[in-house]
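S.K.: Here's the letter readout for the chains.
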Amino acid sequence: MNEKKTERLKSAFAGAVSGIMNGLFGSGGGAVAVPLLERTGLEPRKSHATSVALIFFLSISAAIGYFLGGNLNAGLVFPLLPGGFFGAVLGSILLKKIDNGLLRRIFGVLLIIAAGRMLLK
Amino acid sequence: MNLLIGFFAGLIASMGLGGGFVMIIYLTVFRQCTQLEAQGANLLFFLPIALLSMFLHTRSGLIDWRRIPFAAAAGIVGALIGTFLGAALDESLLQKLFAALLLITGLRELFHGRKAESAAQ
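Keeping their order, the protein sequence lines are chains A and B.
For the first sequence, our numbering gives the first residue as 1498, with consecutive numbering after it.
For the second sequence, our numbering gives the first residue as 8, with consecutive numbering after it.
Hints in this document: simulated from the structure, not taken from any laboratory.
Since the model is a prediction, treat every value here as computed from it, not as a measurement.
Idealized CB from N, CA, C, for every residue including glycine.
Accuracy of the hints is not assured; some may be wrong.
Computed, partial: chain B to chain A, Cβ under 10 angstroms [as the list claims (entries may be wrong)]:
no. : residue
1   : V36
2   : E44
3   : L59
4   : M61
5   : W72
6   : A86
7   : L87
8   : E98
9   : L110
10  : T112
Now the stretches of chain B that chain A is said to cover, found in silico as 3 or more residues with beta-carbon under 8 angstroms [said to hold, decoys possible]:
no. : segment
11  : 17–28
12  : 46–55
Throw the hints in and build the complete structure from the sequences for me.
M.R.: Here's what the structure looks like:
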């Protein structure tokens, strides 16, 4: 199998697993998407940025499901958006500059906290 | 408060570090939302934040768009499978298994060796 095919297959695998997690638990897709994207040969910063795009497309289909179920409350979300946009701009600047090793360690700590919360629930 | 929570959630989300947990804890603990409402709001919040982040990350050359079509297509199929499985299986056991997987991934990311770091770059 040539390199391009392997890369596509691994990307599809990363997408499929994060999709299954999102469908099962409503979240957690990103947590598996990032390390799986790293395995397709992307450096950590690119894996994180690419996972945002992947989760965006998965979230659209999930949001449609929530909308049909009547569980989307726009009034709750609008006041949070201005701060969110500032955060996104700063996050994008940080991601451009952050050291790959440090990014992995921060991600590791956040994953451990998330796992702890799930185990204690 | 809305500005601050939005800011941190947006910052973490744009860096592909999750962000959902900030929003979901805030909405369930401080705003008395149900888990489902909070997940829906988090999803709705994420869409515009991700869109802005995707634009900025693309300008920084951090998103690998070649991988997206394969990953997203497989992901949407995966999400359907996940939703279906979630209805058919015992979710509390799955959640514990998923937490264990996150814990292992988190520890590996936190204590990754220098060798792995240089190999990933």
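S.K.: Return the numbers of the hints above that this structure violates; sort them in rising order.
M.R.: 1
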